[in-house]
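The primary structure of each chain is shown beneath.
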Amino acid sequence: MNLDFGQIIPSLPFILNGIVVTLKFTLLSALFGFTLGTLLSLLKISSIKPLRWFAEFYTSIFRGTPLILQLALVYFATPQLIGYKISPIEAGVLTFALNSAAYSSETIRAGIMAVDKGQREASMSLGVPYRPMMLDIILPQAFKNILPALVNESIALLKDSALVSTIGVLDLMRRAQVVAGQTFLYFEPLIIVGVIYYVMVMGLTQAAQVLERRMRRSD
Amino acid sequence: MIRIEHLVKSFGPLEVLKDISTEVGSGEVVAIIGPSGSGKSTLLRCINLLEIPTAGHIFVDGVDITSSKCDILKVRQNVGMVFQHFNLFPHKTVMGNLTYAPMKVRGLSKADASEIALDLLTKVGLSEKADQYPSRLSGGQKQRVAIARALAMQPDVMLFDEPTSALDPEMVKEVLDVMKGLVKTGITMAIVTHEMGFAREVADRVLFLDGGYLVEDAPPDVFFSAPKSDRAQQFLEKVL
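Line by line, the protein sequences are chains V and U. In terms of our numbering, the first sequence opens at residue 1 and continues consecutively. In terms of our numbering, the second sequence opens at residue 1001 and continues consecutively.
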């Protein structure tokens, strides 16, 4: 075994800059994904059948095909289909948001259903319209219940974000491969980003626990 | 204030309310009693359209709320409801529970809504709990907050759906006392209850429901001392 972390040191700032790329990517994907997922979940519990069908169909498409295929389609086929030269980061965020929306919509739907129906009735009896009822009364309680599940989804997003290295986004994973290509050392850069991913996931878990404790104050 | 004409409510093949017609005058207090499954709660919930009537008409303040042109939200703002299980918003403080709808729905300023809320909390004896979350309150306190929350919308009609049924016995009185105070203000009230003593004391009229039919409609002293129907006699023998 001949390990040489010394040779990697000059490339370290290059690798560390990938943290920003990966985090930004994950944050944007989660933000768009959960927002879209919330809208989808509302369609799924809607009384209008075609809206429900649309949401079910949407979910089945994104759950029924590989993420890396969706990513490749969005990145490589968008210019061909609509003539827009989509950047790797745009393609990545778009695909991950669409994909995450499909998964999180199921979780959010379950969260909404788990809120006591008395909450809905109390809001209705006070004359509160649908939108504020959902935004102010039902969704805050639903999100509190499903916070652990959404943290899991965020962690999955963070780790799966390494897939965007396949379309050329200079994220952590891609940077490790670049350094490996330059130095012909594979173990060192890969293990370094592995540790970085692990630390980021642990940080996310910790942050979620703090958030959860804060939200449980009203119990 | 409330006029019900030939009201029918079905859940699928099950007809829960069968041709109910009655009237509640302005400032009148009506107790709705009857065995479980008789349709008491459904009748009450039709008055603010938590249940949509299958047939018939309900007029609140002269407006036909069963008409498709009717603004349901407007009707509900004017008809307060108190539930068996309180249904307070657990993520809002007592104050937040009372001020939310007046601010959001009626567009009151925070200061105005808070003033009304604090006044109501004082009336139900809970002004010192304003900043607490509902989970810190006893059942009786929760129900008093729920009454205050409904009153914060300044409705003309108050509906009570078994307001004391989920309470420990020692907390029933504090809620009934608040409701007695409310009767004195002259607000129109419809109360589904199993508290016969309370119904007898405060109600102007008693509606007795059985099997979805409105079987008796009489002043309490008449109903409790000389019920006309066999069904009401049997019911009263069991509960009194």
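Calculated directly from the structure, the hints in this document are not laboratory data. Since the structure is predicted, the reported quantities are computational estimates derived from the model, not experimental observations. Positions of the beta carbon are idealized from the N, C-alpha and C atoms, including for glycine. Be careful, since some hints might not be right.
[Stated by the list, open to error] Incomplete in silico selection of chain V near chain U, CB under 7 angstroms:
#	residue
1	Ala102
2	Ala110
3	Ala114
4	Glu121
5	Ala122
6	Leu126
7	Gln141
8	Asn145
9	Leu147
10	Ala149
11	Ala162
12	Leu204
Q. In ascending order, which of the hints set out earlier in this document are inconsistent with the structure?
A. 1, 2, 3, 8, 9, 10, 11, 12
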